[in-house]
Amino acid sequence: MKILFQRKPLILIPLLAGLYLFLSYGLSICKLGIYWDDWVYLWTKFELGYDALVRHFSFSRPLAGQIQNLVMSLTGTSTVAIQLYGLIMRLICSSLVGILVYRVFSKQPFAAIAAACLFSIYPGFSMQPIALNFGFSYLLLSLLIISFLFTLKAAEQANCSVLYSGIALVLTAINLFASEYFFLLELIRPLLLWCWLANHKIDGKSRLKKCLEAATPYLVLFLTAVLYRIFFNRTQTLHYDFSLISALKTDPVGALGTYFSAIFRDLYSVLFSAWALPFSLPASAQLGQRTYFVFWGVIVASLLAGMIALWLIREEKGAFQERQPLQLMLIGIMALVLAGQPFWLTGSYLNFVFPNSRYTLPFLLGMAFFLTGLLWLLSKFRFGKMAASITMALLVSFSVGYHFRVASEYRRDWNLTGSFFEQLKWRIPSLKEETVIITNVLPIRFSTDNSLTAPLNWIYSVDSESELIPYMLYTNTKRAETLSKFKPGQKIEQEYLSARFEGNTENAISLYFQNPGCVHVLDPEVDVFNQTLPLIDREAALLNNYQRINKSETGTEVVKKFFGSNDVRSWCWYYQKADLARQFKDWESVAQLGDKAFALADHPNDAIERVPFIEGYAHMNRWEDAATQSKAMLKISPLYNDVLCALWQRIDRETPDSASKSAADQEIGSLLNCEFLTTNDTK
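Residue numbers 100 to 782, in the working numbering, belong to the letters of the sequence shown in order.
One thing to keep in mind: the hints can contain errors.
[Claimed, not checked] Listed below are the simulated DSS-like cross-link pairs for lysine-lysine, each with C-alpha atoms no more than 25 Å apart in a straight line:
#1 LYS695 <-> LYS734
#2 LYS760 <-> LYS730
#3 LYS730 <-> LYS695
[Said to hold, decoys possible] Derived DEER-like restraints, expressed as beta-carbon distance ranges:
#4 VAL452 <-> SER759: 53 to 61 Å
#5 LYS577 <-> ALA700: 35 to 43 Å
#6 ALA486 <-> LYS577: 44 to 52 Å
#7 GLN388 <-> PRO633: 33 to 41 Å
#8 LYS660 <-> ASP751: 44 to 52 Å
#9 LEU738 <-> ALA375: 35 to 43 Å
#10 PRO737 <-> THR349: 53 to 61 Å
#11 ALA762 <-> GLU656: 43 to 51 Å
#12 MET485 <-> ALA700: 50 to 58 Å
#13 SER664 <-> LYS577: 28 to 36 Å
#14 GLU656 <-> MET485: 55 to 63 Å
#15 ALA375 <-> LYS660: 35 to 43 Å
#16 LEU262 <-> LEU169: 19 to 27 Å
Simulated from the structure, these hints should not be mistaken for lab results.
No experiment lies behind these values; they were computed from the predicted model shown.
Where a beta carbon is used, it is the ideal one built from N, C-alpha and C, also for glycine.
Taking the hints into account, I'd like the entire structure generated from these sequences.
Right, here's the structure in full:
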């Protein structure tokens, strides 16, 4: 086997990269789901149709809609198929990076394997589970790399150069017109060709001539794409202002200083800071004991696999030239500088935190080239091969462990997303159209309010073919201006790319969700006094309109399709059903649900979840039970004083007088300070 890998080292590239990706994300693939913009893509494709999907992308990425439509036709809505697609695209792209290095630099196996592995498991990019979005990015980069390989093939086989160049041009056009991520990487093609010709002993004059001849068609195509984006598709220039140009007019020295400092800062971050992330190790309690053991098992397995692979190809047969590592580093630097221009010119902020880690994607090719060249150069010194091998194996193995942790975070986030929509469906069986859902900052990390609008409509919408979508989800802190500072009676108009929403702040449902508590539909009469809520959530509570909620069921199968069927009746199930019954004044059901809920081993994680049961027990003349639950709330925190005052005022208003009621009123009244209600009534 050792002889096989030495003769055909390219076989090792997909095997090793595939193992790393499997250990990183494959172990969790059945428990990962849909995140961020992938929700919008899927909903648009399967609810609004092909034309809407193409229109969705046509604003900034022509051709992207057709490609994504084909991909989603193959994956369907299966979360496993979607995640598998994303991993396959990353594996193919990583393998192509290794093959490109192998072809350009005299078939050097160490450099090829190092480039593929560093690319495949780069820790700065942590959005892999958003598989439709970034599987597409890897697909486009793969097409670009294949076009590079066909350019080399055209230079190698003159008799087929027209065919190979034609294929390369088609693939290049797809990359240039389908996305902006790798747009400027097209400009490293002449450098790759120059190095390939140099390593094939082509003299300088002939090399320059061949490079110019080969590069001209691609340059023409590139300029055509530039003109198209500037004059015919200006969406991106409208959304991303070239702030550097404006700054140069007012403060040229300061603007240039900021520009170059951003370049050095971001290149240092991409090349070095990112690789420090995997070595910030988690505590056992952070992951859970079982996951913690698997985490270390993944690192050890990756380390062993890397060392074995490097041992198998330790005898290099290629015609090594001393300038080759420097050539690779030079191309890497050029690719990095080109990749960063859109961010530096527009003042976009690059970091490794969601969702900005996506900005590292254009840098991946340059990063892999530069660091591979650096390790390759190190390997040529005495004991350097061992040092380079150990360094690479450690970097890659700990990065695999880091991505395993990332996958665990996405897995937990998917469970949280499922819990949110499952509880929402229990509490709100169906919803009148033109309703806006207002939430606090949700604990769901990897989907925004814009993203979650898609599954909200998927679940509740009866007819999705109209360009008007019936529901919108807003995070109150982000959308305070859109919601007119929570004033009632204000119109809401929101573009949703391929559709739009038209509503009114009077037609709103206000929610609060903070795990491990249950999803809570805010009560405008009670929660406005809830001192455990931030002020903005209390203000949003005033907009809540219970009349938007219907008891008839719709969309249950959508929840089951994505999140599975949960037959376990937890505390939150009883709470949601009781709060729904409370809304419709079905007090007998509220009390019955309360009896079952309080008999569970489970318990409320937020004291406010006792409110519907207090009210239900009171209406069923079970005043002692109502008082017991009220005292339990106060025992948890005196901050619930105002909530209980408002609640018992409503109970007093809506229930008939009785001796037991008077006793309960007196008992609870002695524990509460409700003077603020008298003051408010006076005002």
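Hints, one by one, checked against the model:
no.: 1; hint: LYS695 <-> LYS734; in the structure: holds (22 Å)
no.: 2; hint: LYS760 <-> LYS730; in the structure: holds (16 Å)
no.: 3; hint: LYS730 <-> LYS695; in the structure: holds (20 Å)
no.: 4; hint: VAL452 <-> SER759: 53 to 61 Å; in the structure: holds (56 Å)
no.: 5; hint: LYS577 <-> ALA700: 35 to 43 Å; in the structure: holds (38 Å)
no.: 6; hint: ALA486 <-> LYS577: 44 to 52 Å; in the structure: holds (49 Å)
no.: 7; hint: GLN388 <-> PRO633: 33 to 41 Å; in the structure: holds (34 Å)
no.: 8; hint: LYS660 <-> ASP751: 44 to 52 Å; in the structure: holds (46 Å)
no.: 9; hint: LEU738 <-> ALA375: 35 to 43 Å; in the structure: holds (42 Å)
no.: 10; hint: PRO737 <-> THR349: 53 to 61 Å; in the structure: holds (55 Å)
no.: 11; hint: ALA762 <-> GLU656: 43 to 51 Å; in the structure: holds (49 Å)
no.: 12; hint: MET485 <-> ALA700: 50 to 58 Å; in the structure: holds (57 Å)
no.: 13; hint: SER664 <-> LYS577: 28 to 36 Å; in the structure: holds (33 Å)
no.: 14; hint: GLU656 <-> MET485: 55 to 63 Å; in the structure: holds (59 Å)
no.: 15; hint: ALA375 <-> LYS660: 35 to 43 Å; in the structure: holds (41 Å)
no.: 16; hint: LEU262 <-> LEU169: 19 to 27 Å; in the structure: holds (25 Å)
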